[in-house]
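**Q** Residue numbers (numbering that gives the first Met the number 0), protein chains in the order written: chain Z, 0 to 377; chain D, 0 to 670.
The hints are simulated quantities; they were obtained by calculation from the structure and are not laboratory data. A few of these clues could be false.
Here are the simulated EDC-like pairs of lysine to aspartate or glutamate, each with C-alpha atoms no more than 16 Å apart in a straight line [stated by the list, open to error]:
| # | chain 1 | residue 1 | chain 2 | residue 2 |
| --- | --- | --- | --- | --- |
| 1 | Z | Lys303 | D | Asp8 |
| 2 | D | Lys14 | Z | Asp220 |
| 3 | D | Lys210 | D | Glu173 |
Output of the computed footprint for chain Z on chain D, the stretches with three or more beta carbons under 8 Å from beta carbons of chain Z [claimed, not checked]:
| # | region |
| --- | --- |
| 4 | 24-33 |
| 5 | 40-49 |
| 6 | 358-371 |
Cβ atoms here follow ideal geometry from the backbone N, Cα and C, with glycine treated the same way.
As a plain string of letters, each chain reads:
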Amino acid sequence: MSARDTLLSRFRDNFDWVLFVTASALAMIGVINLYSATSVARAPLNEVYLQQIYWLVGGGLFSAFVASVDYRHYERYGYFLYGFGIVTLVLVFILGREVNGSSRWIYLGPIGFQPSEFVKIFLVLALAKYVNTDARAEGRTLKDLIAPTLIAALPAALIALQPDLGTALILGLIFLSILSMLRIQRRTVGQLGFLAAIAIPTFMSFGMLGFQQKRIEAWLDPDKDIAGINWDPHHSRIAIGAGKTWGAGFMQGTQNQFRFLHEQHSDFPFPVFAEDWGFAGALLLLAIYLLLVLWSIHIASSAKDRFGAALAIGSGSLIFWHAIFNLGMVTGLLPIVGVTLPLFSYGGSSGLTVMIAIALLMNVSMRRSSLSTITFAR
Amino acid sequence: MSVLVPRSDVAEFRKRYKWMSLFVLALFSAVAVRLFQLQILGGDDYAAMAHENIVRRVTIQTARGILRDSQGKILASSRTSYDVYIAPMKVLPSALPQRNHRGNRIADAPDSLPKVAEVLRMTPDERERLSIRIREACASYDGRDKGSPCGRQILIREDVSRDIISELEQHRNELAGVEVVPTPIRFYPYKHLASHLLGYISELDVDALAKYRPDGYESLPTDEKERVNPLGYDRRDRWGAGGVERAWESHLRGKRGWEKRVVDAWGKYRTGPAAERLLDAPQKQEPLPGRNLRLSVDVELTQTIEKSMIPYRSGAVVVTETRTGRLLALYSKPNFDPNDLSGGGGRAKAREAFTRLYADPYRPMLDKTMSGAYPPGSTFKPFSALAALDSHSLNPDATQRCDGFIRYGSKTKPLRCTHVHGSVNMHAAISQSCNIFFFKLAEATTLDPIAKVASAFGLGQRSGLSLNPEASGRIPSRAWYTLRHSANYFHKGFTLNAAIGQGDVTVTPLQLAMAYAAIANGGTLYEPQAVVAIETADGVPMQEFESRLKNKIAIQPDHLQRLHNALRDVINSDEGTANAIHDRTLDVAGKTGTAQPGFHPNPNEDAKIQWFRSRNHAWFAAFYPSHAPEISIVVLVEHGESGPQHAAPVAMQVIREYQRLKATRASKPKP
């Protein structure tokens with residue numbers, strides 16, 4: 000049997016339409032929403048929706064490639080890619096360009112990218128690889144968790160130093176999500192909880208920088224300094240609320256059209272959507288994200304091996320935590336932590352990262368069935 | 000493919016997926032609940048906030064009412080002042096940090112500040128200070144902070160000349176960030192003339208603002224705002240601060256209107272049908288323009304007063320119509336240019352003018368016609384005479400002997416008269432102003448009847464004009480001395496002094512003018528009146544004010560006749576004190592006065608000023624024509640030394656001008 004036949008038949012029989020349709024729907028609604036969001040912005044921002052289409056097409060092609068290569072190849076190169084990611088993170092400190100007080104970008108000629116975005120994928124791969132080889136019948140103790148914790152802590156610490164607490168937090172949550180798949184002794188869970196109870200307040204008092212603390216304070220007192228630090232959360236809430244049940248209609252939301260929403264293409268596209276389409280539209284969008292995340296759990300549950308399952312959970316959690324944090328911060332449930340809304344926010348690196356995550360889900364999904372016997376038969 | 004590792008066991012994970020799914024569902028539900036809270040429960044509130052964000056009430060300015068004189072000449076109106084503002088970030092882009100918060104370069108335009116400095120003719124020092132100020136304001140600008148001082152306009156020049164405006168216009172392309180804002184400024188075309196009567200306007204002080212805009216004012220409902228601040232005063236507003244401008248503020252001010260405009264987050268107006276659809280009714284409230292006022296004063300007459308008063312440093316002149324109480328002139332010297340105080344030429348100029356005016360020893364900010372009380376001297380004698388006639392305390396035809404002095408008791412100093420009058424009756428005592436006769440009159444009449452008559456003529460009481468703070472003056476009575484001192488304090492000397500308008504007697508020139516008008520018209524005391532009508536913009540009267548009677552004094556006709564004759568002879572008789580100003584063509588009756596000012600030396604004061612303040616006040620009070628009086632006039636030359644020599648000629652020139660104006664205006668149709 001030729002490789003071509005296998006690929007085609009695998010595509011025909013195992014293509015995950017649910018995943019594809021949900022992701023495509025989000026991307027399309029995202030482009031339409033970006034059009035509305037940036038319709039009043041000045042050049043070059045008003046062409047962001049076009050750029051997003053280019054990224055989706057380019058990223059889609061790359062994702063097709065990522066999806067078509069058997070994921071177990073990635074397992075083999077898992078640690079290597081992880082190491083590469085760590086190197087790029089270190090490079091950020093050397094070559095990085097400072098934006099808004101933190102170094103996140105590396106420029107290769109005219110194209111800038113954020114290594115911290117891709118590191119999320121590399122971390123998922125590395126953790127999945129670790130989980131794959133670390134099967135146990137007994138529950139794990141604290142000692143057993145040291146190695147995976149270090150795997151996650153290294154990039155998270157480097158990113159937190161940029162400083163980019165939002166991304167570091169996402170890395171931590173991806174790690175916890177994969178960790179939650181594992182069998183852990185009850186006593187160890189208690190110990191972990193105790194450690195967290197000490198570590199989190201300590202970090203919040205001593206580890207956070209001035210602007211990070213200010214954001215927390217602003218979140219706790221949302222009516223203070225609306226002209227300054229609370230501008231974005233305040234107007235975001237107004238825009239969402241003003242959408243009421245059915246919304247103002249496409250490109251009719253006044254708060255966006257009258258430029259009260261800033262960062263409406265990157266961190267705040269959801270308020271634009273919620274104002275245009277109301278509670279009905281927002282709920283529909285929420286349902287699509289829910290479906291995507293639940294589907295990724297479903298993919299994990301039907302994966303044939305530990306690596307595939309962990310890969311699916313890792314990729315799914317990446318999408319999940321991004322969505323929850325972004326929606327939480329724009330609705331005022333969480334403080335402002337510059338996290339994008341997957342497939343909805345404009346952003347090359349973050350968009351591509353999410354597309355790769357979906358490609359990995361597709362990859363696992365397509366190789367879950369009995370076809371695997373065909374694939375690996377010699 | 001053999002390189003691939005064998006399949007691992009996934010059994011360990013199986014139990015977790017259900018819990019994960021529930022966890023995911025729970026968090027998404029939390030977001031959904033929050034959306035329900037924001038959009039369904041809070042939807043109306045947030046929609047209202049959204050509406051408030053984009054719809055702004057834009058103030059429509061109103062015009063302050065115009066003041067016109069009796070002939071329709073404009074005394075106060077508004078003109079446009081052109082103020083120059085700059086936007087720091089646009090004028091001096093090189094002061095900005097190179098990149099904004101997203102790392103993009105902030106627009107890199109050339110500095111226009113050098114050109115601004117050149118056109119506005121700034122001194123190098125001024126320019127340096129401005130550029131330091133801009134650099135400080137912009138040092139921390141990151142491209143998005145709307146409250147940054149870098150984005151806030153700075154006022155750099157007020158009331159610039161038309162030449163500079165046209166130059167700014169011409170170089171507009173090189174002057175990025177410069178804005179010329181027209182603002183209305185009160186304009187007084189006659190400058191100093193009648194400045195105390197007109198007053199001026201100035202910015203509301205802190206106390207007034209606290210009264211009209213108490214804490215939390217902004218959040219009050221509209222009708223409550225209306226109650227607290229009916230005239231809609233705002234920060235930096237100007238209001239009338241003296242004279243007619245203050246007293247008639249509520250009529251002159253007008254009321255601002257507003258218009259709802261659709262505005263975006265950057266303060267830019269949006270127009271077109273899409274934007275207008277967002278406006279809710281009512282969309283506009285038209286402004287109410289201020290009322291125009293017609294004053295009773297006559298500019299031309301006041302100009303003559305000003306000319307006649309040129310030789311003197313300080314004084315007051317009041318001219319009033321005897322049959323209405325309307326003021327034809329209200330003049331106080333020295334005066335001020337209200338243009339300087341009302342913002343024309345800028346705040347710095349106003350501050351400087353205030354400093355100068357308040358430091359002046361001749362007190363230009365004091366309205367001497369009503370805010371200053373002075374001993375009236377001999378101009379008071381007619382009231383003493385009337386009191387004597389009323390109480391029949393003295394035979395007016397009987398003569399008294401004047402030896403030039405009189406002695407009461409051996410221990411006291413003799414009281415002096417101006418000169419030896421010989422035998423004088425009341426008529427001669429008035430026309431020749433004999434003090435000795437009036438001492439004897441006072442002895443016979445006693446204090447209280449004199450005080451009663453003087454008070455009936457409005458002396459020692461506020462006239463009710465209240466354009467400026469009114470001094471009440473003082474007409475002492477026995478009760479007053481008892482209250483002020485003690486029952487045993489009183490002695491005859493007070494009565495003697497009072498009868499000749501000295502001692503504790505003080506009056507304002509305005510009171511005296513109204514009292515002489517009452518003598519002239521046979522006993523009708525009017526309230527002085529400066530504003531005669533409220534007019535529309537075209538000069539059509541909307542509301543005219545009747546003259547207001549203050550008191551009707553019963554004077555017996557033969558007493559009045561006696562008094563008029565005596566006052567006529569002050570000028571017309573060869574022996575009259577004001578015979579020097581006699582003019583056969585003008586039928587004037589009046590009374591001179593030379594009053595001792597009650598001077599207390601002040602060692603801190605300049606010797607020249609002290610000498611000035613030690614001199615007597617020169618008075619002349621008159622009415623004209625004496626047989627059918629139309630006007631009464633009071634001239635006070637403060638520390639002018641001699642009433643007949645200094646005050647009477649001024650009055651005569653004013654009367655002559657009055658007669659001339661009357662004649663010329665009678666031959667021309669009224670405008």
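**Q** State for each hint whether it applies.
**A** Here's how the hints hold up against the structure:
1. Lys303/Z x Asp8/D: Since the Cα atoms of Lys303/Z and Asp8/D sit roughly 8 Å apart, the hinted pair holds (cutoff 16 Å).
2. Lys14/D x Asp220/Z: violated (41 Å)
3. Lys210/D x Glu173/D: Roughly 45 Å between the alpha carbons, so the hint for Lys210/D and Glu173/D is violated.
4. 24-33: As far as the region 24-33 of chain D goes, the hint holds, because 7 residues have Cβ atoms under 8 Å from chain Z.
5. 40-49: holds (count 8)
6. 358-371: That given contact is violated, which follows from only 0 residues of the region 358-371 of chain D lying within Cβ reach (below 8 Å) of chain Z.
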